[in-house]
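Enquirer: So the protein lines, in turn, are chains A, B and C.
Residue numbers 1 to 255, in the numbering used here, belong to the letters of the first sequence in order.
Residue numbers 1001 to 1250, in the numbering used here, belong to the letters of the second sequence in order.
Residue numbers 2001 to 2256, in the numbering used here, belong to the letters of the third sequence in order.
Errors might be hidden in some of the hints.
DMTMM-like cross-link-like pairs, simulated, lysine to aspartate or glutamate; straight-line CA separation at most 25 Å [to be verified]:
no.: 1; chain 1: C; residue 1: Lys2251; chain 2: A; residue 2: Glu76
no.: 2; chain 1: A; residue 1: Lys212; chain 2: A; residue 2: Glu195
no.: 3; chain 1: B; residue 1: Lys1035; chain 2: A; residue 2: Glu113
no.: 4; chain 1: A; residue 1: Lys225; chain 2: C; residue 2: Glu2129
no.: 5; chain 1: B; residue 1: Lys1041; chain 2: A; residue 2: Asp147
no.: 6; chain 1: B; residue 1: Lys1035; chain 2: A; residue 2: Asp127
no.: 7; chain 1: C; residue 1: Lys2010; chain 2: A; residue 2: Glu76
no.: 8; chain 1: B; residue 1: Lys1027; chain 2: A; residue 2: Asp127
no.: 9; chain 1: A; residue 1: Lys225; chain 2: C; residue 2: Glu2245
no.: 10; chain 1: B; residue 1: Lys1041; chain 2: A; residue 2: Asp109
no.: 11; chain 1: B; residue 1: Lys1027; chain 2: A; residue 2: Asp109
no.: 12; chain 1: B; residue 1: Lys1027; chain 2: A; residue 2: Glu89
no.: 13; chain 1: B; residue 1: Lys1185; chain 2: C; residue 2: Glu2168
no.: 14; chain 1: B; residue 1: Lys1027; chain 2: A; residue 2: Asp91
Everything labelled a hint here was simulated from the structure, so no lab data went into it.
If you're wondering where the values come from, they're calculated on a predicted model, not measured in any experiment.
What follows is the residue order along each chain.
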Amino acid sequence: MALLKTSETEIASQAASAPGCAVSVRNLTKAFGTRKAVDRVSFDLPQGAFLSVFGPNGAGKTTLLRTLAKLTRPTEGSVFIDGIDALDEPDIAREHMGLISHNAMLYPDLTAEENLLFYARLYGVRDPEKRVIELLDAVGLKHRRLDLVRTFSRGMTQRVAIARALINDPSVVLLDEPYSGLDPHAMDVFDQLIESVRADRTFIMVSHDLEKGLSLCSHVLVMAKGRVVAFAPREELDAEEFRALYRSTVGMGVA
Amino acid sequence: MAKEKKLSAEPARSATCERPSTFAQFKTLLVKDLKQEFRTKDMVVSMGIYAVLVIVVYGVALSFAKPGAEFLEVSGGLLWALVVFTSLLGLNRSFSHESENGCMEGLLLAPLDRGAVFLAKMFSNLVFLLLVEVIAVPLFWLFFSSYATPADTAWLMVVPLLVGSIGIAGIGTLLSTITTRTRGKDVLLALLFVPVVFPLLYACVSATTAVLVGGDVVAETLRISLVLAAGYDVIMILASWILYEFVVSA
Amino acid sequence: MGKGKGKALKLPEVGQWPDKIFPIVAVVGIVLTTLGFLMAFFYVPPVAGAAVDGVELIGGMMVTNKLLISQKIFFFHMPVAIVSFVALGFACYYAVRFLMTREWRYDTCSCVAVEIALVFVIATMVTGEMWTRFEWGVWWTWEPRLTTYLVLMLIVIAYFVLRAAVDEPERRGVFSAVVAIIATIDVPICFAITRLIPSSIHPVVLREGGMSPEMGMCVGIIAVGMFCIGFALYRARFNQVRLTERVESLKESLED
Chain A
1 MALLKTSETE
11 IASQAASAPG
21 CAVSVRNLTK
31 AFGTRKAVDR
41 VSFDLPQGAF
51 LSVFGPNGAG
61 KTTLLRTLAK
71 LTRPTEGSVF
81 IDGIDALDEP
91 DIAREHMGLI
101 SHNAMLYPDL
111 TAEENLLFYA
121 RLYGVRDPEK
131 RVIELLDAVG
141 LKHRRLDLVR
151 TFSRGMTQRV
161 AIARALINDP
171 SVVLLDEPYS
181 GLDPHAMDVF
191 DQLIESVRAD
201 RTFIMVSHDL
211 EKGLSLCSHV
221 LVMAKGRVVA
231 FAPREELDAE
241 EFRALYRSTV
251 GMGVA
Chain B
1001 MAKEKKLSAE
1011 PARSATCERP
1021 STFAQFKTLL
1031 VKDLKQEFRT
1041 KDMVVSMGIY
1051 AVLVIVVYGV
1061 ALSFAKPGAE
1071 FLEVSGGLLW
1081 ALVVFTSLLG
1091 LNRSFSHESE
1101 NGCMEGLLLA
1111 PLDRGAVFLA
1121 KMFSNLVFLL
1131 LVEVIAVPLF
1141 WLFFSSYATP
1151 ADTAWLMVVP
1161 LLVGSIGIAG
1171 IGTLLSTITT
1181 RTRGKDVLLA
1191 LLFVPVVFPL
1201 LYACVSATTA
1211 VLVGGDVVAE
1221 TLRISLVLAA
1231 GYDVIMILAS
1241 WILYEFVVSA
Chain C
2001 MGKGKGKALK
2011 LPEVGQWPDK
2021 IFPIVAVVGI
2031 VLTTLGFLMA
2041 FFYVPPVAGA
2051 AVDGVELIGG
2061 MMVTNKLLIS
2071 QKIFFFHMPV
2081 AIVSFVALGF
2091 ACYYAVRFLM
2101 TREWRYDTCS
2111 CVAVEIALVF
2121 VIATMVTGEM
2131 WTRFEWGVWW
2141 TWEPRLTTYL
2151 VLMLIVIAYF
2161 VLRAAVDEPE
2171 RRGVFSAVVA
2181 IIATIDVPIC
2191 FAITRLIPSS
2201 IHPVVLREGG
2211 MSPEMGMCVG
2221 IIAVGMFCIG
2231 FALYRARFNQ
2241 VRLTERVESL
2251 KESLED
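Chain A on its own, in the form it takes in the complex:
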């Protein structure tokens, strides 16, 4: 098998983050009671990488992402964002991060512009008005900026959500099932938008859509039962072989 098995002990022995890595995860563990949703996950991502996380339901993908986003605190382990220890300095790490999930995180009774301005002020964006107009322009919704988010279609809401996640100009963008509820056209628009904002940002995406995940990514991580089954750069793996593995992993729930 062409996949590189990560040796947990090997990576864990390096105490701090590997130099030049946008995201370094060390031995990350999140336990709910006796159940370990994320079990000793370690990986390093270079800047500008796009990581797709695959795995069956309940593999701990979303928990991993929520822990990275500092929405839940890990039981053990550490996360470095741009070399900053995210557990020691959560607020600095938060400034470097954006999250796009299936929840738009927008207030339906505020306009698109008001929503973005609100988040811009929370992050303390300099010249928020200008930044908001720029972002709305970028996602192609400048003409609708004075409309309530309530009146938007699912696809449009998700575009505003992209703008919201980028409001603080994050270096790491997390995507949690961003395609759910989008029609194929909206999915394509979403992909184009993500492609256009990649710049030198690092992306981590959790998705059930194997083809979408493979087409965008530069790295692949497969999880099962909270553990890393495989982690490899995209070019090092054979797509067919990977699909077979994916099917067996997701199908049987065991790696």
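Position chains B and C relative to chain A; hints supplied.
Expert: Quick look at chains B and C alone, frame taken from chain A:
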């Protein structure tokens, strides 16, 4: 999609954001809540209607009592029952906007002092509660003015109403943050809220009754009751403020 | 309930020193409460001034010596009330420790302590009820102590309803810890407020009076006995819950 080019030509990362002060964040959060409420009038209208309906029910309940001066001794309690039930309704809804689209997560993603979230929510809840009281309390007296005339000191009722509302908004914000993320949230909020605010309620009813009845004991009772109610406010708001961080990130 | 405090760094676990002594403590508790029970009836004389010749009118009620047996309730009421509050105090202590360390063991400890508090709160309410009925002739009165215990009982019940209403374990732990802390803060305030504010509506029905030495001794013995029983109950229940947890985690690891 031709316009996206602009994004890649952004200034360097550190130049985009400058951490705002906690007070600035508090203001942003509060303005957002007020703007939203101003637009939908969701909470104030539903609380206002509910308050009027409670007064109507009181009207039925008292219609065969023909109370005279004794009414003053009961009215303080009735008024506070009105406030408690109305605020319960409001508190239940205060987080509906946040949970609707996962907005609470959006807030938690920001580098934001969790205490500021608590204070902003508490203030907006307080503003809505006071707005409703400004309408409901005079209405209460309008409907029941034929029963008895309150003492001259009745206007002092404003003080216990304010002190009580602050406490209700404070502990209510903490408890409703807990209960919005549980099953059976409405009942659970009532179940937690009523016993926890019991002492505050007791003190406020005592103060309100004292100013309504008037007489020699007013000053003494009012002073003790208000000091105790204010003490409750300080302790409970402090505790809620400290505990809020745990609750909100759970 | 007295364990863990000295060695706060060591996690409470089944088989530590309290488990070696708790069966003995339970027996001691039962012996002491039984002794206290016997003392209350056969040794301690009725409170001075409460002995009545024949029939007299007290508080609008016909009272005879026979009825005054009801004051024996007090010997159980007070110790049980104290133990329930101490149990709540421990629940609060463990809740704070849980919030600080996120160690599941403390959540278990806190929850078990609240369960013990509930048992004793209910015992307090029942004895208090009997007291009001026989001593004051009414089923319920909004007397400060009774009121406080009613509020406490409601919060403790709400605590368990809350625990049942949250599925995610971490959230359940945090929420219930916060409620345990709020309850522990709220209850003394409640007592202070209901006590300090002069009530114009209800006459003060409390018959104040110091305890005689015999009475104090008897209450003390029962209090120590109740503490022992509370501790033994706590430990037994903790062992049960903890062992269930361990079985669960063993099952989990077997599945892997």
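Enquirer: Next, verify each hint and record whether it holds.
Expert: Against the structure, the hints:
Using a Cα cut-off of 25 Å, the hinted pair lysine 2251 (chain C) and glutamate 76 (chain A) holds, with the two alpha carbons roughly 22 Å apart. Using a Cα cut-off of 25 Å, the hinted pair lysine 212 (chain A) and glutamate 195 (chain A) holds, with the two alpha carbons roughly 12 Å apart. Proposed proximity of lysine 1035 (chain B) and glutamate 113 (chain A) is supported: the alpha carbons are some 13 Å apart, at most 25 Å. Straight-line distance between C-alpha atoms of lysine 225 (chain A) and glutamate 2129 (chain C) comes to about 54 Å, which puts the hinted pair past the 25 Å bound.
The suggested pairing of lysine 1041 (chain B) with aspartate 147 (chain A) holds, with an alpha-carbon distance near 18 Å, which does not exceed 25 Å. Distance restraint check for lysine 1035 (chain B) and aspartate 127 (chain A): the Cα-Cα separation of roughly 21 Å lies within the 25 Å cut-off, and the hinted pair is therefore satisfied. Between the alpha carbons of lysine 2010 (chain C) and glutamate 76 (chain A) the distance comes to roughly 19 Å, so the proposed pair stays at or under 25 Å and holds. Note on lysine 1027 (chain B) and aspartate 127 (chain A): the hinted pairing holds, with a Cα-Cα distance of about 17 Å set against a maximum of 25 Å.
A distance of roughly 20 Å separates the Cα atoms of lysine 225 (chain A) and glutamate 2245 (chain C); the hinted pair therefore holds under the 25 Å criterion. Proposed proximity of lysine 1041 (chain B) and aspartate 109 (chain A) is supported: the alpha carbons are some 11 Å apart, at most 25 Å. Taking the CA atoms of lysine 1027 (chain B) and aspartate 109 (chain A), the gap is near 19 Å; set against the 25 Å cutoff, the hint holds. As the CA atoms of lysine 1027 (chain B) and glutamate 89 (chain A) are separated by approximately 24 Å, the hinted pair is consistent with the 25 Å bound.
At roughly 15 Å between alpha-carbon atoms, lysine 1185 (chain B) and glutamate 2168 (chain C) fall within 25 Å of each other, so this suggested pair holds. Among the hinted pairs, lysine 1027 (chain B) with aspartate 91 (chain A) is consistent with the structure: their alpha-carbon atoms are about 19 Å apart, no more than 25 Å.
This entry does not satisfy hint 4, going by the numbered hints stated previously; all others are met.
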